[in-house]
Amino acid sequence: MNEPAFFETTAGPGVVGQPLNRVDGRDKVTGKAKYSAEYALPGLTYGVLKTSDIAKGRIKSIDTTAAAKEPGVLAIYTHLNLPKLAKTPNDPDGKKAIGAPMGFLPLTSDVIYYAGQPVALVVADTFERATHAATLLRVTYTAEQPIATYTDPKAQLFNPEKVQDGKADGYTRRGDARAAMASAPVKLTAVYTHAINHHNPMEPGSTTAVWEAPDRLTVYESTQGVTRTQKSLATMLGLPQDQVRVVTKYLGGGFGCKGSCWPHTVLTAQAAKGVGRPVKLVLTRRQQFTSMGHREDQTQTLMLGASQEGKLLSLIHEKTSTTSPWDNYAEANSKIINILYDCPTFESHYQLARGNVMTSTFTRAPGEAPGSFAIECLMDDLAYQLNIDPIEIRLRNYAEKDPSTGRPWSSKSLRQCYARGAELFGWSKRNPKAGATRNGRLLVGMGMATASYPVHNSQGMARVRLYADGHAVVQAGATDLGTGTYTVITQVAADSLGLPPEKIRFELGDTKLPTAPNSGGSVAAGTVSSSVYMAAQDVWQRLTKVAIQDPKSPLFKAKPEDVSVEKGRLQLTKNTAKGEDFMALMKRAGMDDVEGSGQGKYGAGYETGRPGNPAGPNNNTESTGEHSMHSFGAHFCEVQVDPDLGTVRVTRWVSVHGAGRILNAKTARSQIIGGSIFGIGAALMEATLRDPHYARYTNSDLGDYHIPVNADIPEMTVEFIDEHDPFINAMGVKGIGEISMVGVSAAVANAVFHATGKRVRDLPITPDKILGTKSV
Amino acid sequence: MTDHFTPDSAAQPDGPAPNDGRRSFIKQATGLLGLALAPPLVGQAERLTALSKKVAGVSEMKLKVNGTVRTIKAEPRTTLLDALRENLDLTGSKKGCDHGQCGACTVLVDGRRVNSCLTLAVMSQGKEITTVEGLAKGEELHPLQQAFIEHDGFQCGYCTPGQLMSGVACLKEGHAKTDGDVREWMSGNLCRCGAYPNIVAAIRQVEKSGFKS
Ligand code: FES
Ligand code: FES
Chain A
0 MNEPAFFETT AGPGVVGQPL NRVDGRDKVT GKAKYSAEYA LPGLTYGVLK
50 TSDIAKGRIK SIDTTAAAKE PGVLAIYTHL NLPKLAKTPN DPDGKKAIGA
100 PMGFLPLTSD VIYYAGQPVA LVVADTFERA THAATLLRVT YTAEQPIATY
150 TDPKAQLFNP EKVQDGKADG YTRRGDARAA MASAPVKLTA VYTHAINHHN
200 PMEPGSTTAV WEAPDRLTVY ESTQGVTRTQ KSLATMLGLP QDQVRVVTKY
250 LGGGFGCKGS CWPHTVLTAQ AAKGVGRPVK LVLTRRQQFT SMGHREDQTQ
300 TLMLGASQEG KLLSLIHEKT STTSPWDNYA EANSKIINIL YDCPTFESHY
350 QLARGNVMTS TFTRAPGEAP GSFAIECLMD DLAYQLNIDP IEIRLRNYAE
400 KDPSTGRPWS SKSLRQCYAR GAELFGWSKR NPKAGATRNG RLLVGMGMAT
450 ASYPVHNSQG MARVRLYADG HAVVQAGATD LGTGTYTVIT QVAADSLGLP
500 PEKIRFELGD TKLPTAPNSG GSVAAGTVSS SVYMAAQDVW QRLTKVAIQD
550 PKSPLFKAKP EDVSVEKGRL QLTKNTAKGE DFMALMKRAG MDDVEGSGQG
600 KYGAGYETGR PGNPAGPNNN TESTGEHSMH SFGAHFCEVQ VDPDLGTVRV
650 TRWVSVHGAG RILNAKTARS QIIGGSIFGI GAALMEATLR DPHYARYTNS
700 DLGDYHIPVN ADIPEMTVEF IDEHDPFINA MGVKGIGEIS MVGVSAAVAN
750 AVFHATGKRV RDLPITPDKI LGTKSV
Chain B
0 MTDHFTPDSA AQPDGPAPND GRRSFIKQAT GLLGLALAPP LVGQAERLTA
50 LSKKVAGVSE MKLKVNGTVR TIKAEPRTTL LDALRENLDL TGSKKGCDHG
100 QCGACTVLVD GRRVNSCLTL AVMSQGKEIT TVEGLAKGEE LHPLQQAFIE
150 HDGFQCGYCT PGQLMSGVAC LKEGHAKTDG DVREWMSGNL CRCGAYPNIV
200 AAIRQVEKSG FKS
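Chains as they are written, first to last, in numbering that gives the first Met the number 0: chain A, 0 to 775; chain B, 0 to 212.
A few of these clues could be false.
Said to hold, decoys possible - Straight-line distance between alpha carbons at most 30 Å, and here's what the computed DSS-like set of lysine-lysine pairs gives:
(1) A:665 - B:136
(2) A:665 - B:207
(3) A:33 - B:171
(4) A:272 - B:72
(5) B:171 - B:72
(6) B:171 - A:31
(7) B:72 - A:33
(8) A:31 - B:136
(9) B:176 - A:665
(10) A:33 - B:136
(11) A:428 - A:773
(12) B:171 - A:68
(13) B:136 - A:502
(14) B:63 - A:31
(15) A:665 - B:61
(16) B:211 - A:31
(17) A:400 - B:207
(18) A:33 - B:176
(19) B:72 - B:176
(20) A:665 - B:72
(21) B:207 - A:31
(22) B:63 - A:33
(23) B:72 - A:31
FYI, nobody ran anything at the bench for these hints, they're computed from the structure.
Same shape as in the complex, but just chain A (with noise of 0.2 Å):
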């Protein structure tokens, strides 16, 4: 490592890690934190897209004759007058250029790929007329018999290469698996299935396009990343990055599907070139089922060979999704699968079948959460097989180092949180027999699950502007999906620059701020805190420069490696009697301000020095450094389960994680909280149900599409392993968006288990799935 760390830098107790309120808690709960539909421009006008109600065929005619005459119409693009771009993503240069998941752009002929297709844009002055201009439209089709998934037995499956956008192996093999399992004396194989789950963030999608100059663009936009948005963006229209302007101040939750600049946001640039004015666009909330991704339909076949005492000889994992006409996109989920336990041979395939669909895309532990649902419900089937107890089953397994590349872990503290979350929980008290634990007429049910996710390699800048009135301006193009960035980031640089956090304001989510990763993949708390530590320590540097050449300073002459700062102080590290506030040394030197930038870096970067990825997380070059990299924790989760009508309600919950450094107790509780309700939603609800005739969604609103509310979630219990990471960045953070929600589903699904003694592998688990299941 050629960074100095935070942990061996700062001295003394600060904010770091302070539970602190959230610095932009005000501006929520006063209704003025303005999110990206909410910019009043002058000049504003509506865009409103029209669909496409067929998933395959051409448009034979759009007659815009009736819309066109309404009041208050400017304009209707349609793929007869959309202005062309410099590049779209409809051929293999393009799609390249752009970098995916926006493998097609609409508008552009008249072929439609999938059910919710933009066929046209609407532009009028009030979103009433442009709403009410768009039915008007009447697109005539010639409709062809589409494909809805892979179980359609028309579908072609075939083996991809390369799945999630060409970053991770179609194909895995580690020794010999089918051997192996061919000997094991003991063999489980158990199929899984997901149901399409949509993230459905409370914001929906939205793009402000306004054009400042004939070649300049600004964008308010609902994005995880605005470089990453900036970049599609400048590619498609032909200007350079820095004629595109990407503003995302607060959004209203992302979970991956802001992930991407998404077809809507190119349409609603190029309709404000179009009419001139200012554009505003958001979707509806059936037009998010169909605009911004989703997590793949899929099935998993997973089978395990152990020994009599329970220990992993043999994994093999399959796993079968849809994926769009135009790309090969499958969640990874056989990574986890790969590294979670200590086995010797493992082999893992992915098939996929084109449907007509909009394409999937990453969604929060995209991978990891459905693959843990398949490795954690059998380990828990292994353990009842073989009458040893779930914790007990993965301590026999439990990897000392990396099982995927023999690597040493860079820290693991994954037995403290089975121990602390058993002692939480109260694990000791369960009975182990299934079935057999009631509450009156109510089963209940314990069960729990691991967790994990990797520490994806990242890099980021950032800016530290720091006045002789102690202040200091952070910066950096960050965005905070509602995990707490603006809030952690201001507590890491109270602590670098040694002031209160109340004199520090940091500013995010804007292209004109240092280049920042998408926040995405749990990469923003590390990449982020260590580039404005970095920057914090460049502008410590160039003061002790001031300082040593200043005779009027205690540190005349004195060697820069001499010199160390604590609280804002610089002094001689072995005399620490001897040294001066910044404030008076810049006041002497008549500098108003000093300015500092830094790069942080996350992940296997971080430890070899060589370059993180910009763009963030999902390209799985994690494991190019000495170590692996990655969060472990663990999910205990009681649920009672009626067993005439089949509901499940989930009734305590504990979640223990060993996650690095936690910068804010606070947030980071909300965080896995959110992150676990997120996962119960999926387990025991979350289906977009696909028309298998029309390959059309049948539930895209949020009264059919059922999301937990308040009254599913009991009180929750959350705690971390204090965990002293080196490897990972200079904060030793390692993010924990992702794995709040690994295992998750597993864990409830072992507590039906626990409950009734049936076993359900299809998510989510709902009712008559529990009524229709026998006991085993």
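Given the structure of chain A, go ahead and fit chain B with the ligands onto it with the hints provided.
Coordinates of chain B with the ligands only, in the frame set by chain A:
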């Protein structure tokens, strides 16, 4: 303000079964939409639209929001939510679904919580409309706003204005006496970030503090 909570209110579940909270809420919310078209309320709509000069096209409307009467030009089909957000630049009230299914747009109308996306602006004339922007008294936050900050009752904040308005009403309705009550009566406000336990804690703290609105 008097308690306007009456049996036809959208937020009142018809049964005590906690399992059914959300389903019955949504049923009732859908019911409300149905009611809006039922004869007695059509009469009311006509009465209210009579305050405007025209029943189609753009006309002037007066909305009393957070104590101030403001005039907007909008169409009869403009929802209260769009009038607040697009005409009055009061963007605190959020649009999550536009269908009465998420609660992000919750505001108080004459002290009662309503989904402003299911309410026409033209019908809201002559009523007291309170939005999240009107909760604080100047710099001094409403105790529930403060409690949301203390208990971290949000992450992204997008559902928060709706949660706050619902929470204020929930306290006033007397539906915050137990954690279970709060969970039940707050189940019309979805939070995808999953801040529910913290929202319950915040509302209960204000309830226990004896706060009277
Ligand atoms: S926007 Fe009104 S309930 Fe969702
Ligand atoms: S705080 Fe994000 S939806 Fe509730």
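Status of each hint after checking the structure:
no., hint, in the structure
1, A:665 - B:136, "holds (27 Å)"
2, A:665 - B:207, "holds (22 Å)"
3, A:33 - B:171, "holds (29 Å)"
4, A:272 - B:72, "holds (27 Å)"
5, B:171 - B:72, "violated (33 Å)"
6, B:171 - A:31, "holds (25 Å)"
7, B:72 - A:33, "holds (24 Å)"
8, A:31 - B:136, "holds (15 Å)"
9, B:176 - A:665, "holds (25 Å)"
10, A:33 - B:136, "holds (21 Å)"
11, A:428 - A:773, "holds (26 Å)"
12, B:171 - A:68, "violated (49 Å)"
13, B:136 - A:502, "holds (25 Å)"
14, B:63 - A:31, "holds (20 Å)"
15, A:665 - B:61, "violated (43 Å)"
16, B:211 - A:31, "holds (25 Å)"
17, A:400 - B:207, "violated (50 Å)"
18, A:33 - B:176, "violated (34 Å)"
19, B:72 - B:176, "violated (42 Å)"
20, A:665 - B:72, "violated (45 Å)"
21, B:207 - A:31, "holds (28 Å)"
22, B:63 - A:33, "holds (23 Å)"
23, B:72 - A:31, "holds (24 Å)"
Consistency note: the structure conflicts with the earlier hints numbered 5, 12, 15, 17, 18, 19, 20.
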